[in-house]
Structures are given as C-alpha cells and as structure tokens.
Amino acid sequence: MDEGSGPRRRSCLQMWTEENNAIVAKWEEDKKNKQRTVLSPCFIELSKLLQTIQGLPPAPASIPVEVAVFYNVTLFSLSTSDKMILDENKIINVLQRVVEASGGYSRNSDILGLWCSALPVFYDNSCITSLHQLACLQWALWLLDCQLEKILDFFCVLSKYEGWSSSTSERSSGDILKFMQKISFSADASPLLLHVMSAGELKDQLYSCTVLAHGMEILAAGKYLEAAQIFKEATSLSLSMKMQSKIFTLSGVCLQNLGKPQTALQSFRRALEADFSCLYALYQSSLVYRQLGMADAEFETLHLLCRAVSVPEKQDLLFDDLKLIDPDKMLRNPALIKMFKKPSITSVKYCLAQRSLESGRIDDAVEQYLDLLEVFQEEKNQEVFTGSIVSLPRIPEIYLEAAASLFKAKKFWDATLVCEEVIKRIASIVPEKLTIAVPLKDSEGCIPAKSESFFTQLKSHYQKEEYSETVQEEKNEKLNCILWTAAAYFYQGWAFTELKDTKESITHLSRCINLLLTVHIVQSDGDCINNSEMGKITREAVKLLHRLKGLAFVRRGISFMERGQEKEALLNFQLSQQSFPESVDGAFWLLEALWRFGRKDEAVSYWQKLQESRQSVVDINNIHRDTVLFLLPQQELSTSDLETLNKKIEEYRSQAKP
Amino acid sequence: MANRRCIVDYLAKFHCPLYEDVFASVHVIQNESFIYLCNGTEFVAVYSKCEKQIVVVYQFPGKACLLEEDSKQHCLFVLCEHYGLFSVILHLKDRFPSESQQRGASVDTCRVSLDACIIKDPTIQSFILVQNLIVTVGQKCRVRTLSVFGNPQLGQVSYEKIEELDIPILENVIISSDDKQVRMPPYLCCVFPHGQKRMPSRGIRNFSLEPQLFTLLFGVDATMLDSPVILCGFLDGQVYYLPLRQSVPCTDDLRSGNSVFRMLYHLGQPVRFIGAMLPNDKGNSTLLLVGHYGKVIQIKTEYHCEGSLPNFIERNILGPIVSVHSGATHIYYSTPSDLMTLPLSNTSEESTSSVSDTPATENNLVPFFQSPHSLNVCKIIAVSCPTEMQTGEVELVAFSLAGKLMKVKISRGPSKTNSSRLTTAQTVQRIKDLLSGIGNVSDRASLLKSKIQSKNDSLKRLNWVFNICCLLQSCQERKEENCKETVRCHFIAKWNHLLLRDSLNLTCALENSSSYILEKGWMLCVEVKSQSYSMSSDRKHFSRLYTFPIAKLLPAQTMEVSVPLSSLNDLFLYALVHCTLIYNFQGILGYQENGRQQDQNSFVTSMTFKNCICLPLKTQTVDMLDYLRLANLATLPRELVIKPVTDLVDVFLNTSSHIIHHCSEQIPLKHETQFSLEDGNFVASIKVSTELLKYGLTSTTSGVTLAASTVAWLLSSNSEADLLSLPSDPVITATTPTGKSIKIHAKEISLNDLSADLPISAVEIQIESSSLVDFCSLHWAILQRIQLLMNLKDSGGGTQPAVRMQFLWGLLHQSDVLAKTVQEVRDHLCLGLKISSEATEKLLSTYQQLRSMELVIL
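Residue numbers (our numbering), protein chains in the order written: chain A, 1 to 658; chain B, 659 to 1516.
Simulated from the structure, these hints should not be mistaken for laboratory data. If a hint is listed, it holds; no wrong ones were tucked in.
Calculated lysine-lysine pairs in the DSS-like style (CA-CA distance at most 30 Å, straight line):
#: 1; chain 1: B; residue 1: K819; chain 2: A; residue 2: K342
#: 2; chain 1: B; residue 1: K819; chain 2: A; residue 2: K90
#: 3; chain 1: A; residue 1: K242; chain 2: B; residue 2: K778
#: 4; chain 1: B; residue 1: K1276; chain 2: B; residue 2: K1152
#: 5; chain 1: B; residue 1: K798; chain 2: A; residue 2: K342
#: 6; chain 1: A; residue 1: K342; chain 2: B; residue 2: K778
#: 7; chain 1: B; residue 1: K819; chain 2: A; residue 2: K32
#: 8; chain 1: B; residue 1: K778; chain 2: A; residue 2: K32
#: 9; chain 1: A; residue 1: K31; chain 2: B; residue 2: K778
#: 10; chain 1: B; residue 1: K1090; chain 2: B; residue 2: K1067
#: 11; chain 1: B; residue 1: K798; chain 2: A; residue 2: K150
#: 12; chain 1: B; residue 1: K1107; chain 2: B; residue 2: K1178
#: 13; chain 1: B; residue 1: K671; chain 2: B; residue 2: K1037
#: 14; chain 1: A; residue 1: K341; chain 2: B; residue 2: K819
#: 15; chain 1: B; residue 1: K721; chain 2: A; residue 2: K90
#: 16; chain 1: B; residue 1: K778; chain 2: A; residue 2: K48
#: 17; chain 1: B; residue 1: K940; chain 2: A; residue 2: K424
#: 18; chain 1: B; residue 1: K798; chain 2: A; residue 2: K341
#: 19; chain 1: A; residue 1: K433; chain 2: B; residue 2: K940
#: 20; chain 1: A; residue 1: K338; chain 2: A; residue 2: K232
#: 21; chain 1: A; residue 1: K338; chain 2: B; residue 2: K778
#: 22; chain 1: A; residue 1: K232; chain 2: A; residue 2: K341
#: 23; chain 1: B; residue 1: K778; chain 2: A; residue 2: K341
#: 24; chain 1: B; residue 1: K778; chain 2: A; residue 2: K26
#: 25; chain 1: B; residue 1: K1210; chain 2: B; residue 2: K1142
#: 26; chain 1: B; residue 1: K819; chain 2: A; residue 2: K338
#: 27; chain 1: B; residue 1: K940; chain 2: A; residue 2: K478
#: 28; chain 1: A; residue 1: K90; chain 2: B; residue 2: K778
#: 29; chain 1: A; residue 1: K90; chain 2: B; residue 2: K798
#: 30; chain 1: A; residue 1: K242; chain 2: B; residue 2: K819
If you're wondering where the values come from, they're calculated on a predicted model, not measured in any experiment.
Extracted from the complex, chain A is given alone in its bound form:
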C-alpha cells in the first residue's frame, strides 16, 4: 500500500493542498476588496473538499491537510449563519480519524478521553499546528456552550503535555489561565497550507472571551475581589475596543461592590472611552453617583443615558471588520448578555423620572413621566422590551406615580386625567368582593405546620384549598387592582378638593372608600400560607390598604368640614383613626374637629393618649417611603398648625386642671 500508492498519495495531498490554497486565496482577495460575496461559494467548495478527504481512510500524512481544511470550513460555517453553531460530532469525527491514522482505535465517546488519546498522535507526528487548530475549534465550541470547566480541564491536560510544571500538584484555575495565555499557537509549520485565520489570532480572541466569561462567573458568585483581579489582569491583553470596554465595566462593578466608588467611576469612564455604546457603564456610574449623593452628576449621567439610548444603533459593523469571528457573539453567558444589552428607552426614562420625583425635582419628574406615558400610548412605538437591567414596577404604579408628580406640581386636572386612564383599564377586573386571609400573629413566625397532626393538616388543607400558591397570587393581584383603583380615586378626590369642588371630591373619595371596604380581612390560623413570599406580599398590601383607607377618610372628613357637615366629618375622622392609628394628619384633624364641636374634654384625653405614643409616629413616614412611592405626597402639616393646636390643648388642660 505504501510503496505503490506513495506517489499517488503524495499527489493526492498535493491536489488537496492546492485546492485549499486556491479557495483561501480567493477569499482573501475578496476580503481585500471588502466584499463578502464569495463567502458562501467558498464554504460550499471547501465542504466538498473536506468530504473528499474524509472519504479516504486517514493516514498520518494526511492529518495536517485534513485538519487545516476542517478548520477553514468550520470558520466559514460560523460566519455564514446568524447563529453560531458548532457541531461537536464533527470534531469528534476528526479526532477519531486522527487516532485511527496512527493505528489506534478509540471507542471513547467522552470528548476529553478522545483528546487524551489523540494528543500523543499529534505530538508523535509533529502536527502541532493541526493540534492548535483543532484545539481552538474545540475551545470555541465549549465557549459557545458556556462550559468553562471543560476548557480548564482540557488545558490542564494540555499543560501536562507541554511540560508545564507547577509547584503544586493541583492546578488552580488561575494557573491554567496563565498557561492558556502563555502558550503560543502561532507556530505555522508549513507555509504551504493557507489558513483563513491564523490559530494564534483565534486563540487570543478565544482567550479574552474565556477570561471574560470566567470573570463573570466569579462575579456572579459574589467573589468580587477575585473577579476584580482577573479583570485587572485582563486589561493588559490586546483586545478590541468593545471587549476592553466590557472588561472595564465589569471591573468597575467589582470595585463598586467592594466599596471603592471613585475607582469604580474611573473604570466606568475608561470603559465609555473605549466604547460609548456600552451603556451599562453609564447606568452604573449613575448608581455610584446616587450612592455618593452627587445628585447633579447623577442626573446628568441619566440624561446622557437617555439621549444615548434614543439614538439608533449604527449598522456599519457588518462591513467594517470582515472578521469571521465576532468575539461579542462568542460570549453566551446569559448574565453577560443581559448586562450588555442596550437598555430600553422606557426603562431609562422611568429611571430618570423616578429619581427626579424622589429627589424632589418635580418639574423634571413631571416632564419625564408625561414623556413616559406618551411612550406607552404611542402607536408607532414598536419597541419590545423584556427584561432589561433597569427594573420597572407595575404599569399602573407608574401611572400613579405620574399622577403623584403632577399633583406635586399642582397640576390637578392633569392628575385626574391620568387617574381616569388607570381606572378605565382596571375597573373591569376589579371584583365586587375579596376575602383575604391574614394571620392572627402579625410577626414573621407563625405556627409551624409540623405541630399539627396529619389529619388536621389534611382537613385544613381541604378546607382551605383555596389558599394555594397560585390562588394566593391571584388574590394578591386582585388586591393590587383594588388598591390601584382606590388610589386613583383617592387622587382624583384629593385633586377635586384642591380644585375646590367638594362635591366631586366627596364622590370620588366615597368610591375609593367603598372599593377598599369590599376587601374582607379574615383572621386565619395561619398554617399554610403565611410564611411564603406571597404571604409577605399580602401583608404589605393589607397594610397599605389600611393606610389608604385612613387617608381617604381624612380627606373626606376635610371635605365635609369645608362643606359644614360636621357630624359626617367627625365620623370620618374617627373612622380614619380606627383604620390607621399612626397617621399624624388623622390625629390632628380629629383633635381639631373635636375642638370645634366643643368636645374639648374628649380632645384633651385623646391628646394625652397621643402624646404617649408619639414616638412611634415620626418613623412611620420613613418606613413607608421605600415601598410606596405613589403615596408620597402627603400633605405635610405645617408645624405652625401643630403648634397652635398643641398650645390650645395645653391651655385648656391647664385651665381644666385646677
């Protein structure tokens, strides 16, 4: 076989080599002319060539050619389809053929085992280039599948072959990464065989992606220090601008979490310098500014972000680099992808609006919110936004927040319109009656289920079957709907109060109260449900319910007072105190009312009681600040009113004492 087919075999190899070179040359020619027209035909031709080569049984002499052609074909295939797909079976096939070429036989379907048996063949026949090429492809495959451990294992094995000695028997991932960096893949054995892309170049790109992915994993695990180190080392690599900016961003995140805001800001700046389209850096820097309390800088950043997001992305990426492999696409880590995705306009705008409202920039807030609502209602806006890094609350809440901002800006009529919008949409699913189960104990701990016997559990389970998780969720949703609608009515009522239309305001506030009263709170024994998250949400919602009820009663009482219906007013204030005892407003107005009606003794006794429990009142507002933004605009009672009241009562008491 050898002798007779020797000359034939060599000429076969020659033929293949020539053909390969011809195709690659054609492609390179095309690349110089900045065209991509011959990519598909080249790919098809090369695939046919590969099929021809793989039709014959493998031999040591044919390994370099085969691997080279396979390498070229795979790289072409990665760029012809939008989705980068690498078939592991093809690599396995090539490896098996390599092993067979040296006379071995491998049944090993485990890829690492196969590599172990194939590596000696490469070294024996000194086809190091082929080894490097194939290794690169395998690396790329694992990277696309986000299997970093396999990459590390593979390079561990490879390092043994390369004689990479290490002091410890166990090799840490850092060591392996070092090895990966140090190893040079650019030894081009034969200049005869042309390659589409040199193995060394590919290796560098793959290495940078691997480092990034690895770092990301560590970051996600919470080990910020380690991650920061990795990223710092990675900055020394020569990378594309996009990759560099990503690395800077990630290191900035680490630093931020490590409590070094200034350094983090620096990193972010560098990231933005490298590539401005990495908007995550911008967002993160705004967060840092918020943390540092630099409101102006924060808002400037957010405005910049807003503008940046509105600009459509440039499409010139396709034709600038005619690279076969886009490192960006190699990164398949979902967290990474999410992070570096362009945030949606809506979320950015919301962020800005929210911050404005929170920090008291009412006009800005109003503008932003109205902008946002317009975006929602715009018909031409076809934007799809699902899951961006900037979080959005529920849409009705956004509307309510907008109403709140309008309210604060004293644009009452607009506020009513916004609330009307909310009511219109939600009113259809608002139930007539809702039963919510709340435990007797208000604390986190409740009666553990284990203490009850099996049968009572079962019985209770069947009786309270309606309290399963999904049902609870549905009830929460309904409760939310009720709360939103009630809040909308509340704002409308309050707006009408401000607009001096007491009749309307009373109507709306009555609607609000009626809606809130449809919720029946049932005290339950609290076995199954209340430890869950749903239960927590329910409790929060119930608290909010009470608070809103209290506020609504107060407002209605005030309206009644203005109309001169004092009895009703007093009743309302009393009811408000019943539902929400911690309200300062409510207490004040009740005292006021009592005073006006001449029931001064009652007022005094009540005032005394109140003084005792004064401490807890002050903190209430702070506690609820975080949770419910839309109930923010509390009419702050002016201290003068309070003082006058206090004085009056003190006087009376002192009068009454003797």
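Model the placement of chain B on the given structure of chain A, informed by the hints.
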C-alpha cells in the same frame, strides 16, 4: 352527527408526497384574490382566483414548511427546513389579463436563491409576523429559543435580531426531536387587546380578544401597555405566553432565574391551533386551544362575586386532528376521514342566571355542547382560514391528501335564530325538494328490495341445484342400488307404429325419487353413440345428442322422452346411450335479465353449453336383444325403415368391438358382391356352462326349464318380452328391425370330454339367421350378456373346473388353421392386391367355423 350541505369546487391538482408527517408542512392561505399553498415539497404555488389557475410556482432550496403572507408589502414569507426564513416579493399585479385566455399557459416557475434568505437559521421551526416584527421559535437539542427580529428601516431586506429568549421546558417531559409519531412545529400566534388603533396586523395568525379576558389572562400590565402577546403552543402541550412589552421587576440584576414566559395552559397533547372566537361587541370572547388528539379548550370569562376568573371549558372531539381553523362561531377541522365543523356557543349567558352568592362551582354551569357536523369531504390535510361571504355561507380552501386543491362552500345550517317564516315560494320549493327526496329514497328502496328478493331466489335455486348435485355424486360414489333417493334414468327400446310405419324408439324415463324438485334450467341430455356402418367413413363413432328441457319434475314423478333409433348405424351391433342431467346457470339469473321468463328452447337450439354443469346419470348399451320384434307381426307388408347393408366387408373391417374369449378375434371377412346377406343360413352356437348361467338366472320359476329360462333371461330387456308367453320349448322366432327373421334356440347339453372330473352341464344357444348383419348383432348381444355373467362371476369368485388339456389342444389346432387362412388374406390386403372373391369366401367360412366352434364359456 348531522350533515351539513357543502359544495366542493376542485381548483387544481398537485403532487403530494406521501410520508407520515406531511400534514405538518402543508399549509393553505387565502386572501381575496390569491391562494397560496405549500404542500410539503420545495414548491410553493400561487393560485389566482380570478384567473382560476395557478399563476406562479416558487421553488425553494429546501422543503417549505410554513408560509405567511404580508399583504401590505406584497411579499410571502416562507420557512424552509435547514435554511431559514425566505422572503419573496410577489409580482402578481403585473400579469396581463390577456394571459388568462390561454388555458394551460406556461406557469411561471421562479427559483428562489439563497440571497432571499433573510434569517439564516436552520433551527427555526415556526414563525409569525407581528406588525413589523418577525417572531421565530426554534429548537436546538433541548433548548427552545424565541427570537424577535425587527426591521430597522422599512423597506430594507435585512432583519436584525432584537431579542432572544429561552423558553423553559418542563424537566419531566422528555422531548426527542426525532419523534416520528408526531412532528409538528410549535404553533405561534399573536393576541391583541381589542380596540387597538394600531396598524392592522400583517399575518393571519393575529387576532384580538375582548379587554376583560385579555386582562384576566395576560395581566394588567399588558393591557395598560397595549402590548401584543405571543402565544406558543408546543408539541408537549404547553402553551406559553409572552407579552412583547412588559416590565419585569428585577430582583437581582445579575442572576435572574425567572423566565419572562408564563404558562397559560398545559394541554397534555400536541397543540394544533390557538384562535379566538365568538365575537361580541367588545371583541372575541373566547380563546380557543385545540390539541392534536381532540382536546378543545375554550377560555372564557367567568363572573364570580369575588371578581371574574378565566374559565377553562374542556371538551373532547374525535381526533387525531390533521388541520384546524376557526371562524367566528364554528371550528372547521379535518380528521383523516372527514372534514367536520363544530359550532361553539356562548355558554356564559346561560350560566350567570344560576350564579348565587356562593362562589360558582362547575356544577352550576351547564355547558351546552353541540356535536360536530360532518361535511363529508375526506382526506383533507390542510384547511385555510374560513371567510364568511355575504350570503352567510362560509368558504374555505382545503388541500387533500391526493393533492387536490379545493374550495369548500358550507351553507349555513338551520339556525335557531333564523327560523323566521319563509315565503310561500320558498316553502313550496322546500316541500318539493323534500318530496322529491322522499321519492328518490323510495325508488331506491324498492329497487334494492327487488334486487334483494331476486338474489334470494337465485340463492334458493342454487341451493337446490347443489343439493341435487351432491346427491347424485354421493350416489355415484356408492353403489347405485343402495341409493334410494336419487334421480334415475332408464332406457327401453320400443317399437312404434305410426302411419303404417314402424319405428324403433328409445325411451328414456327419468325418475325423480329424490326429495328435490328439478325445475327450469335442468335439461335431460341423451347421447346415442353408434358404430360406424359403412367402410368408406373413417373409423369413428356417430353420435347424436338430444337435449330435453325439464319443465318441472316433482319428487316421485317420472318424465319420459323418446329418441329415434332408426339409423342403420344404431342398429349395427350396439348403440351406446349416455344420459346426463345438465343445469344451465343462466337459469338462476334468467328471470331478472329480461324481466320475463327465458325461453328454455333457446338454450337448446343454441347448443352452447357454457355455464353448465353435467351430471351423468346412466350409460347403457342397446343391442339386438333389446329391440328384437318378438310379437307376431301381421303379414301386412310393412315399410321397412331399415335399409339393408350393402357392404359387409366394411362392417367387418370397421368394427372394433371384440368378444372376450379364450381366444378369439374379429375376423374381417371379405365379402364378394355376389354375396348377399339375405342368402345363406348362418348358424352359430354358444355354449355356456350352467354354473355361469346361474348368476344371471336369479328368478327361476318352477316348471320352467333351464333352457327356457335362459331364453327368457336373454330377452329380459326386450320391451316385448312380457307379451310373449314362454313356451316350454325355448325356441324363439323373432323379426329383426330389417325385417328378417331370426331364430334363437336353447337346449341343455352335457359335455363329458371337457373336464376330467365331471361332466359339465351347459346350455347351448343356437342362433340362426339369414342376414349376416343381424346374425352378427345378435351374436354380439348374446355374448355381451354372457360377459356380464362372467363379470359377476369374477367379482363373486368361484371355482373353475379343470379342463382337459387335450380338448384345449384340439381347439388351438383348429384356431391355428383358421388363423393361417386369415393371415393369408391379410397379407393379400397388405400387398394391396385386390381381394378375390375366393378370399372372401374363405373368410366367411372361417367366420362360420368360428361361430360354431366347440368353445364353451365356463
């Protein structure tokens, strides 16, 4: 299942490849003017409704599995396996109207190149057009991905991926991508809240729902944002929904495990269709899910006091469902055997009245399910979206397994709300229709009834025929005498005197002693085979066949037919008579063919025996002894019907019958013309031993000598035998049919020198005649009778007395001499020499000597 009337128009015929999962790739779409079809091959055909023919066929690089049309941009989106999504711009408005005149004009075939592939992704399984986005769902290994592609600038061909999301797969359900049983792409559709003022949707799989149901199912956020919701139904039955615009509360910015997809329902079987039905003033009030094996889920709003909930009403129809689409009030679906339509009604109105304060449980709702109607169109594998015409008819385009594209118009069945009074003309028409329908049905019924009746009759007759056949066959297998219940036939030769002429007739009596009736169709067939008389003819037998149709032969009845035996051929030596029963099977069907009774004679005259069965009854020989005229004939000259024979030699040369003797052979006797048969006294004697005779003489009345009884036995088969009183002297003088007299004389003798032991008593029968022919016939007849005896003896067994050798030697010597004489004559003949009269004389004398030899039949 009731039937609905539907009219089917066939539009075109295509080639349909036959593999099991072809129905998953066959789709039909129609709009006002065109029909688009992909039939599981790489071709997509466009059929024009106004031109009524296929106008364009597109050929794609791969198999086309799904297609959608964008009417705004006049392009067709086609999903090709292993390639991706192609977009083809339809230039259908450029066609000149004159082209429609040429039928069979060449259909444009466009080959679509790979450049038209806008999304190169071989893993895509399904796609949908939503406004100006394309949403695709693909699966690779165990990962399902939903991608959203947008067109950044309208008019540009390239699409950019906006979003890619992973759809969760339930872990306990193992989906193998090469499951051969059901291979269906995921079903994608898009739902809008009703009342949107957005740009109307592009694709056909977009529909709207009433706001309340929309909010209940998909959340408040989606309603407030007016976001379209994508619904995907997968092979394992899961139906997920994804609002395209939503807010996701981000709990952890780096690790988010919650998927944006939420499950709407788990059907448990592959999802075939998702649609919306039953529109009311607020929009479609029902969301419909249809599974492959027949599960239909209607999702409606259910009103409770604690708020409304979506109600999932489940019902099952007969699957597997091949293709399904929904109209406003009906679902149209095809199973492998039929195309069905199922009306769905609004049940919510009926249920609200029964709702009390307690939460409504399922028991309070009484859903009114109607049953599916069959449209009687089978083998439909793809159904398009139904369109409602102005006349109230529903029209849909369907594609059948045989490759036919057809348009099905379904008329609206009787609906309750439309039971308004019909006009008089309509009523009259309706009554006429009904009456003619009834008439048709009754005609058919009567026709069928008569056919069944005739079939029964035929079967009955056939049964009889077979019974008779079996009976006869079984009788033949056993001995005939043992059969009592059979059909028998018996021959007697009789002399008739008609118009001063005597004629010999052979009467065949057919006796039906079985319990069956021989009816029309049966025929009695009598075949008379006679010996050839003249020398000039070749040695062949003459035969005549007489067929008599049997009208009706009841049990225990006898039918008699007569055939003449007047030819000389019949009377020479013997005639062989065969009697068979023939049944012609046309008699079974005979009555229905012409509606009247078939003329039986036509069978007879046509003499064709096709489709017949023959049952042989009896074979008998009729010889001289049977038709010897024993009665004293009047001296009136009677015209002879028999002509005397002219050439005796012919007779001798042609005859082939032989008499079994110890040694005898027929001797051809040359006869000179001088000789006349009338001259000469021919005498022969036959000696038969008494022992042998005893076999035949079963009945020996007292007072009758052996010789007399022998004679009587010989003449027992003669019809005139009973007329004769047996004289003591056994001498019979009879007249042969030719008119000559013949004498038979029997006497007892005793032979002493034959056997060594005892003298053997024998009977000598002497024959005397003046005519040689008659002499030969009689001699032969008697010998036949004796042969019968010998057969009986052989079967019965018996001892043979020893015969002296000397006697035998003497006989042999005699016969040698005779043989030599004959040999001489024969040599002469062989040499071609003319036979002299001497030779003839010699032969004759030899014959005589033979006849009077001392041979004894033992």
